[in-house]
Structure formats: structure tokens, C-alpha cells
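Chemist: If you read the sequences in order, they're chains A and B.
If you count by UniProt numbering, then the first sequence holds residues 1 to 105, one letter each, in order.
If you count by UniProt numbering, then the second sequence holds residues 1 to 105, one letter each, in order.
If you are wondering where the hints come from, they were derived from the structure by calculation, not from laboratory data.
All C-beta atoms, glycine included, are put in the ideal place defined by N, C-alpha and C.
Warning: the hint list may mix true and false statements.
[Stated by the list, open to error] Computed from the model, here is a short list of chain A residues facing chain B with C-beta under 8 Å:
id	residue
1	E3
2	A12
3	Q14
4	D76
[Unchecked claim] Sample of chain A residues at the chain B side, in silico, Cβ under 8 Å:
id	residue
5	M1
6	P41
7	M63
8	L80
9	V88
10	A101
Number of protein chains: 2
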Amino acid sequence: MAENLLADLSDARQTEQFTQLLQRPGLRIERIVSRGQCSPPDDWYDQNEHEWVLLLQGAAELMLADGSVIRLTAGDHVYLPAHEKHRVHWTDPQQDTVWLAVFHH
Amino acid sequence: MAENLLADLSDARQTEQFTQLLQRPGLRIERIVSRGQCSPPDDWYDQNEHEWVLLLQGAAELMLADGSVIRLTAGDHVYLPAHEKHRVHWTDPQQDTVWLAVFHH
Chain A
1 MAENLLADLS DARQTEQFTQ LLQRPGLRIE RIVSRGQCSP PDDWYDQNEH EWVLLLQGAA
61 ELMLADGSVI RLTAGDHVYL PAHEKHRVHW TDPQQDTVWL AVFHH
Chain B
1 MAENLLADLS DARQTEQFTQ LLQRPGLRIE RIVSRGQCSP PDDWYDQNEH EWVLLLQGAA
61 ELMLADGSVI RLTAGDHVYL PAHEKHRVHW TDPQQDTVWL AVFHH
């Protein structure tokens, strides 16, 4: 009855993989698998939803609008309020990076 | 700016450790660290909130009211609708088991 989100990682070498794990009114849980992808330099996420994000494995860097960079490894979590502009500055090209994102209103 | 939920695991050898990671209207994210604890045989969780639970590390078993047992290892996730009665049947006494629980209305 349990599903596993670390087994059967979709192949992220070509493009990032987004898998919806739960969708309820005002709540959405998503798995993202990255392998070296990052946001283009001037491409910012500016979301209507709040996001709590946890790195499950791998390594990544988020950049905020003030230029600060947040390095993430397994177990690190960050809260991004709605409209806190951010971009994925870097993800490790040598391994799959798995994010868990909880979006809510 | 990121916090890590796998570093500095609280000592769960005496009692299970509950740490609130996020609390918003209708949403609560909690880390639970277990080390061998389980629910007493006739002690069932019967919650008003829906719960999406992910095992981050370790090993555990949930039991449902029909007697079925769900074995969980790292990456396994289960959705427990409100009032789906369940108990923690077993957690590994040899290692810390870390749960991520997302409760919502």
C-alpha cells in the first residue's frame, strides 16, 4: 500500500521530472528530480502559493532575489512564502537530486 | 538559512521525539523520531486531520484497523485520511527512524 518516492527515479538527465504525490484543496505535494538542471540566469519563480521544500537526496543551490545563495543537501528544508522570488541556481550534475515540495495557500 | 531535519536528531531512545517544522492554518508539518517505540496493542490513532506520511530513514510498520500491516522503509509514503484508524506496529530498535508527517484539514 505504500509507494516509494526514491525507488524508480524517473530519468532526469534530459529534463527535470515533476511527479504529483498529493493534491487537495489548498495543498499540493510534489516530487522533483533534477540532474544538473538550473533556472536560466534571469528566470525567477514568483509563485502564488507558499512552498515548504525539503531536499531528500543530492545537492542543490537556491538563489533569492537579494542574491543570497542557499546550499541544500539531504535533510535541508526552506520555507518560501508566496512571491518570495527564487531560482534554482545549481543542482549536482553527477547525481539525482530529489526535492519534496509542499505548496499551500 | 536552511535547517536540517536529519542532523542533530534528538535522542529518541527514551521517548519518541516530535518536532514541529511548519504550522499554518489547516496545515502542520512535523518530524517524528522513533527508536523501537510502537503503539500499545489496543491504542489507535483516530485523527481529525488527514495525514500524508513519508519515512525519511529507518524502518517501521503501520497497522490499519483491518489488521493489515504496512512496512515502510526510506522513501515510502502513505496517505491516511482523517479517522482512518492506525497504530505504529513496530519501529526498528537498532536505528533512528525519521518520519515526516504532513497533517491537513
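Chemist: Compare the structure with each hint and give your call.
Modeler: To see whether the hints hold, each was checked on the structure:
Below 8 Å, beta-carbon pairs count as interface contacts, and A:E3 has one with chain B at about 6 Å; its hint therefore holds. Against a cut-off of 8 Å between C-beta atoms, the interface hint on A:A12 is violated, since the closest Cβ of chain B lies about 16 Å away. Hint status for A:Q14: violated, given a least beta-carbon distance of 23 Å to chain B, over 8 Å. Look at A:D76: its Cβ gets to within about 4 Å of chain B, closer than 8 Å, so that hint holds up.
For A:M1, the suggested interface contact is upheld, since its CB lies about 5 Å from the closest CB of chain B, less than 8 Å. The interface hint given for A:P41 is violated, since its Cβ lies 21 Å from the closest Cβ of chain B, which is over the 8 Å cut-off. About 12 Å separates the beta-carbon of A:M63 from the nearest beta-carbon of chain B, more than 8 Å, and the hint is not met. For A:L80, the interface hint is violated, the least distance from its beta-carbon to any beta-carbon of chain B being 10 Å, above 8 Å.
This hint is violated: A:V88 has a C-beta 14 Å from the nearest C-beta of chain B, more than the 8 Å allowed. Residue-level restraint check for A:A101 is violated (minimum Cβ-Cβ distance to chain B is 11 Å; threshold 8 Å).
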